[in-house]
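A.B. asks: With the hints as extra help, turn the sequences into a complete structure.
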Amino acid sequence: ALVGKLVAERASKAGVKEVVFDRGAFIYHGRIKALADAAREGGLTF
5 ALVGKLVAER ASKAGVKEVV FDRGAFIYHG RIKALADAAR EGGLTF
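Residue numbers (the working numbering): 5 to 50.
Quick caveat, the hints were computed from the structure, so don't treat them as lab data.
Incorrect hints may appear among the rest.
[To be verified] Distance condition first, Cα-Cα at most 35 Å in a straight line; then the derived DSBU-like pairs of lysine-lysine:
#1 K9 x K37
#2 K37 x K17
#3 K21 x K37
#4 K21 x K9
[As the list claims (entries may be wrong)] Quick list of the computed label-pair ranges, beta carbon to beta carbon:
#5 K9 x A29: 23 to 29 Å
#6 L6 x A29: 24 to 30 Å
#7 K17 x F50: 17 to 23 Å
#8 E45 x A18: 14 to 20 Å
#9 V7 x T49: 14 to 20 Å
#10 R14 x I36: 14 to 20 Å
#11 R27 x A5: 15 to 21 Å
#12 V7 x F30: 16 to 22 Å
#13 A5 x T49: 15 to 21 Å
#14 F50 x L6: 16 to 22 Å
Yeah, the Cβ is synthetic: ideal placement off N, Cα and C, and Gly gets one too.
C.D. replies: Encoded structure:
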């Protein structure tokens, strides 16, 4: 979760508001879900 918030903060400073998270054929769960959820809470739009 901390990494997701940090990613959102740095992206915001760089002017990035919207990102695409391509998980491919893999299930969206676990650590990846936690990262994405924290980035959303930090203000990024997926």
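A.B. asks: Next, verify each hint and record whether it holds.
C.D. replies: Okay, the hints, checked on the actual structure:
Between K9 and K37, the direct Cα distance comes to roughly 13 Å. Compliance with the 35 Å bound is thereby established for this hinted pair. Pair hint K37 plus K17 holds up; C-alpha atoms about 23 Å apart against a cutoff of 35 Å. Of the pairs offered as hints, the one joining K21 and K37 holds, with about 19 Å between alpha carbons and a cut-off of 35 Å not exceeded. Between K21 and K9, the direct Cα distance comes to roughly 13 Å. Compliance with the 35 Å bound is thereby established for this hinted pair.
A hinted range of 23 to 29 Å for the beta carbons of K9 and A29 is consistent with their spacing of about 28 Å. Taking 24 to 30 Å as the suggested C-beta distance range, the pair L6 and A29 conforms, at roughly 28 Å. Checked against the given bound of 17 to 23 Å, the beta carbons of K17 and F50, roughly 19 Å apart, stay inside it. One distance hint, 14 to 20 Å for the beta-carbon pair E45 and A18, holds here, with the actual separation near 18 Å.
For the hinted restraint 14 to 20 Å between V7 and T49, the CB-CB distance of approximately 18 Å keeps it satisfied. Taking 14 to 20 Å as the suggested C-beta distance range, the pair R14 and I36 conforms, at roughly 18 Å. The beta-carbon spacing between R27 and A5, approximately 18 Å, falls within the hinted interval of 15 to 21 Å. Distance hint for V7 and F30: a CB-CB separation of about 18 Å, consistent with the stated range 16 to 22 Å.
The hint said 15 to 21 Å for the Cβ distance between A5 and T49, and at roughly 18 Å that hint holds. At about 19 Å, the CB distance of F50 to L6 agrees with the hint of 16 to 22 Å.
Checked against the numbered hints given earlier, this structure breaks none of them.
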